[in-house]
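Asker: Residue numbers (the UniProt record's numbering), protein chains in the order written: chain X, 1 to 213; chain R, 1 to 219; chain B, 1 to 252.
Honestly, I wouldn't trust all of these hints.
Computed footprint of chain R on chain X; a stretch qualifies when at least three of its residues, placed anywhere within it, have a C-beta under 8 Å from a C-beta of chain R [as the list claims (entries may be wrong)]:
1) 25-35
2) 39-50
3) 66-79
Rather than coming from a laboratory, the hints here were simulated on the basis of the structure.
We put the beta carbon where it would ideally sit given N, CA and C, even for glycine.
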Amino acid sequence: MRLRAERLGARRGEDLLFSDISFDLGSGDALVLTGRNGSGKSTLLRVVAGLLPAEAGRVLWTGKDETVRAGEACHYLGHRNAMKAELTVRENLVFWKSFLGDLEGGAGMSVVEAADRVGLGGIAHLPFGYLSAGQQRRMAFAKLLVAYRPVWILDEPTAALDTRAEQTFTDLIKQHLAAGGMLLAATHQPLGLENARELRMTGFSDLPEAFLQ
Amino acid sequence: MMALLLRDLKLSVRAGGGALIGVLFFMTVVAVIPFGVGPDLNLLSRIGPAIVWIGALLSALLGLDRLFQTEREDGSLDLILMQEHPLVLTVLVKCLAHWLANGLPLVIASPLLGLFMNMSETAIGAVALTLLVGSPALTFIGAVGAAVAVALPRGGLLVSILVLPLAVPVLIFGVSASYAAVEDPAPFMPPFLMLSAITMFFAVLGPVGAALALRNAGD
Amino acid sequence: MTESLAITKFSDLANPTRFLALVARLLPWMACLTAGLFAVGLYLSFTTEGDYQQGETVRIMYVHVPAAWLSMMCYSVMALSAIGTLVWRHPLADVSHKAAAPLGAAFTLIALATGSLWGKPMWGTWWVWDARLTSVFILFLMYLGLIALNRALDDPSRAARLSAVLILVGFVNIPIIKFSVDWWNTLHQPASVVRLDGPTIAPEFLVPLLVMALAFTLLFFTLHLMAMRNEIWRRRVGAQRRMAARMAGREA
């Protein structure tokens with residue numbers, strides 16, 4: 001399994017955010033994007049997930065099944081949790097488990113087990129809207145466990161979390177990587193991963209003057 | 001796909017889902033008409049089918065701009081777009097769920113409003129039947145507008161402006177068929193079959209257009 | 001390990017510079033040709049005989065019919081551009097259908113207004129729910145909706161792609177709308193009302209009509225090219241302003 005990006009470029013509105021970004025992730029690899037706000041971290045993640053069209057370059061996925069697009073091999077956890085406040089946590093997770101399904105080559109956990117893993121097994125019967133921000137984030141993370149995807153794309157996964165929950169996250173990510181998964185994450189805080197590569201996004205705001213002519 | 005259908009149905013029934021609001025709006029609009037045109041029962045029974053249809057058209061559009069907007073607000077739309085189910089089918093299922101939760105209650109409420117409008121039994125039956133066949137078309141064509149609304153900060157009104165002209169044929173054939181059932185010389189079947197054909201056509205065009213718009217509305 | 005971010009110079013707005021150069025060369029010729037055709041067309045329109053039934057009002061036809069024809073052609077141009085936007089993602093296509101929408105609305109408005117003026121002496125009323133007038137009116141509403149959509153979105157390329165989808169959905173729908181309005185019209189309209197079709201056009205009307213139609217078509221393309229040029233300029237100005245804002249941010 002490989003996820004490759006070749007010379008990616010993207011723009012936000014009329015402004016070019018980044019260009020010529022390439023990386024290559026194999027089983028067990030992690031790539032962490034760092035950089036200030038507005039440097040294009042989120043945009044790069046969304047381009048890899050196939051949610052935004054790339055201005056240039058392409059994202060390639062090679063796996064067991066050749067017909068799978070790169071986006072389909074990915075879990076995407078953005079700023080928003082993609083859970084419905086009106087439904088209970090269990091209903092939310094059951095829906096995503098059934099809607100997303102497993103990619104070939106792995107199997108997701110049961111809903112109960114996933115809720116246990118993020119440390120909130122006891123409250124899965126509550127409506128999602130009743131949970132605190134930190135608990136909601138954890139439950140959103142449980143969504144990654146119920147359906148198997150080799151690539152996890154996480155955008156600021158540890159925002160709104162205390163250190164203990166962060167540790168849980170780091171452990172889950174490590175298990176995912178140890179099982180041959182891949183990680184692509186944008187973050188402000190270090191995630192505590194030992195072997196992660198780092199891609200520093202600078203954005204275009206400190207370009208040389210000559211460029212502007 | 002069943003999971004999506006069930007989830008959307010649950011959402012529309014739970015608090016905050018607007019299934020009942022649409023019906024209430026429908027009844028209010030129709031109930032207000034007699035205050036405008038006067039309580040003349042003959043006149044009301046004559047314009048009744050048209051009024052009920054227009055009320056249904058407006059309330060069908062009312063709830064539609066939220067079809068994808070709520071999904072976008074909590075981030076679910078991203079995950080839905082990433083799955084290749086294919087997207088057209090996903091949109092179709094969402095439309096069906098929306099119609100079951102919002103369109104079908106309108107159809108069920110229409111006979112009651114027909115009574116208020118002093119319509120004959122035949123006319124009431126014809127309006128309910130044409131609404132049953134025609135209202136899915138409104139949902140399907142409105143889905144395109146709803147998909148465009150995803151990119152708009154305040155979509156509601158603009159979406160109605162964009163969608164209403166496209167809904168004119170549905171209205172024309174729906175109302176024509178209702179009148180044809182009451183007034184003798186005109187045959188009922190041609191406009192009714194035309195209405196069915198339009199619904200089937202929109203069942204294809206709507207989801208295709210909406211999927212195309214959703215793919216392009218990403219931010 | 002750190003992968004550095006290479007910065008490549010980004011090309012200016014998908015480079016429509018060649019288009020601008022072409023427009024600069026074409027525009028004077030097209031403008032002159034349009035003016036000439038209008039001179040001939042108007043001269044012919046006002047010197048030919050009035051109709052024995054309709055009198056002088058028949059001259060409205062020389063404006064009304066070309067405008068109505070353009071209102072439909074403009075939508076076809078927009079539909080073609082919309083395909084260009086969605087299939088080839090060509091930036092000029094984006095600009096093209098955005099620039100064409102107000103023109104289409106203007107020609108549709110002219111068609112409606114002249115139709116109404118013509119209707120007053122012919123039918124004795126400013127507006128009848130005639131099948132043609134009604135469908136043109138719906139077309140007018142569709143143009144206005146598209147313009148409003150373009151204004152409501154701040155990101156031009158996203159606005160272009162979304163309105164392209166709507167243009168195409170509308171384009172597929174136009175025949176259905178036309179057909180249904182015709183049906184509705186024959187259902188409701190008693191035969192006593194004079195239909196717009198009238199008698200077939202006599203040759204002495206045909207020549208000025210054709211010249212005027214040609215003049216209007218050229219006028220449309222001239223205006224369309226100018227509007228596209230303006231839109232490109234507008235975007236460039238916008239890009240430079242954003243750049244200026246960024247530079248100011250860096251100096252601070």
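Asker: Starting from the hint list further up, note which numbers the structure goes against and sort them upward.
Answerer: As far as the earlier hints go, only 1 is violated by this structure.
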